Amino acid sequence: MTLTGDGHAAVAQDYALTGAVSDVTFEFLTDACAEIGRIATTADDHSIAIDPAEKRNGPWTSLQFTGISAARRWRLSYDVTTRGTVAAVPILMPAGPLDTEPGGRGAHVSVDVRWTGPSGGVSILMPRLVPQSTPNAWEATLLAMPSMIRVRVPSTAAAGSCGPDETGNAGGLEWRFAVFVLTMAVWMTAYLAWFGRQWAARS
Amino acid sequence: MGGAQLIAFWTAVAAYMAVVVGIGAWNYRRTSKEEGFLVAGRSLGPIVGGATLMANQVSAGATIGIVGFHYYSGFSYAWSWPLTWAGWMVCAFFVAPKIRRHAGFTLPDYFAARYDSRAARGTAALFILVAYTVMLSAQYQAGGLLFTLVSGLEYWKAVILVAAITTAYTMLGGMYSNAYVGVLKAVLLLAGYLVAVPFLWRQLGGLHSIGVALHAIDPRLTANWFGWRQLLSISGAVGLGLAAAPYEISAIYSMQSQRATQLAIGWSFFFQAFIGIGVLVFGLSMRVAVPHLPDPDLGTPMLGTSVLPFGAGLLVLLAAVVTFTRTGGAILLTAAAAVSHDLYGGLLAPRASERARVRAGRVAVVLFSAIPVVLAFQHLSLVNFIVIYAARLMVSFLFVPVVFGLNWKRATAAGALASMLGGLVTCLVWSIVGNPYFLGVDSAEAGVLVSAALFFGVSLISRPVGAEAERVFFPPASSSQPG
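Going down the list, the sequences are from chains A and B. For the first sequence, our numbering gives the first residue as 1, with consecutive numbering after it. For the second sequence, our numbering gives the first residue as 1, with consecutive numbering after it.
In case anyone wonders, no lab produced these hints; they're calculated from the structure. The structure presented is a predicted model; accordingly, all values stated were derived computationally and were not measured. Where a beta carbon is used, it is the ideal one built from N, C-alpha and C, also for glycine. Do not take every clue at face value.
Facing chain A, according to a computed beta carbon distance under 8 Å, are these residues of chain B, among others [what the hints assert, rightly or not]:
1) L145
2) T148
3) A213
4) H215
5) Q262
6) G266
7) V290
8) G311
9) G313
Please take these sequences and the hints and turn them into a complete structure.
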């Protein structure tokens, strides 16, 4: 992924499949502060002219490529426009676990990020990447595909501003979480208070 | 991880080991007698005791296994914490006061004293060894996975390394080490989770954003993946099992007083609440940040190695290392006590000196540590499934003769023996015949039902226990001592 100093990110992905597949689905997690442009795709070095079937499901978007003759190498590239000083650059992932490396516990995913804007002030927040020997470059090898790469850029290089997205259906997770925390807090406090008083009374 | 980060990880593990060995060496002279080695000289106060109870319970099944459970099943499994606490309430009201007053060393000690029966002691010790072999294999498996991912060690070598670390500190320090390392475990877990949870929360846009992403993947992730029936059956096995768990009983024997014991249970709730929230946020966040892990049990290792910033990741990884070595240590210590104190000292060589029994205990730690290594090599299932299976076995043969035995005078040795045997066999057969709810009943529920039927039925038709055994656990009201 290459980040430029004007709020753009160019993402290039290269998948080497262990088996040939003809129907491939990729998916990505949209972010309120990042917008994905057109996706260019090649399968076994042939450019794919057809547009994938796009399906939205909440913040997830899936792209299904059908009718491609069994391809083993997929390349995808797209631009992302970000707003604000902290942005999550969406990563297109195959919609399922990648094959595990022989003798390993997970897949082999290499992530490489470069910053071409003015030096300094950029940090990769998540996942954890290690600085390379060349300046403004980071890398990591992961066991699985991350859904995003979160970066912080200097305010001078940020295009516009952006806040968290409060829309969408969270399925009641927030109130369930609150009830869960409250249950434990009340239980623990009541227990200690009751037994504390019992023993104080006995002594 | 590689380079400097890997060096930092191994340095932290080495420092932890040095602290553990230091605690062990410092306590070595205090553990030359059984009271020191097995029950820490009955010196634990409420807070250290609470950390000890929590540290026994919160195993790799929680820090790695439950994170994996939340990763693939979402929020609902969080309710297992308060449901499990119901088991702790049973312990606080019906088990802990009488067990602490008895002042034994091991759970089979209780069986020997309550039922005036060497056979009950031996049977309990043998069955505990079986269930704890399974439980210990889960700790080794979790540790093996973590070390493999962090360092690139081959899995089998990583399992052996975990077993070696666990064995070393248990041999050196006994219950004193377990207690103090329990406190260290509590501090590390709290510190790691207090740093990591806000970080994940912030990076993923808060709980609302996490919920929106999860709900879109599968609405059950934010609601009820596990129904109440499943949660009650799992938590019943784990919670009620804890009320009679041998390592928790040993910890209760190690407390200063009944007061310390009951307050310690409250403090263990405090530690568990933090950990419950932490593992929940870890699992849910990882499902959004890395949605397609090849194995849910990789959630915590990947969180520590690749997602969190280095310092927070190191704390989370170290807390996991401490978790599986510490709980493994508690299991080993309990199993060693079953061999040295109950089978060797109680049955085979009753005249053996105390020093000889402690030596037998240390040898038993080494020998017993080896068997679960072989099971861990097989990678039987998800870590938390193995822990739940061991809990099911344990509750099926221990809950009734311990909890009802402490509170029903008429219980007899024959009833306890029939109950243990019937409960364990039923649970094993039920697990093999049908999963998960053969005839609408879970294997642990079936085990407990059969165990209870045999316990009451056989007790009523067999000879009551002697007056002395009765006096220890059912003293006249005037002789009950507070504190």
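Hint by hint, work out which the structure violates, then give me just those numbers in ascending order. 8
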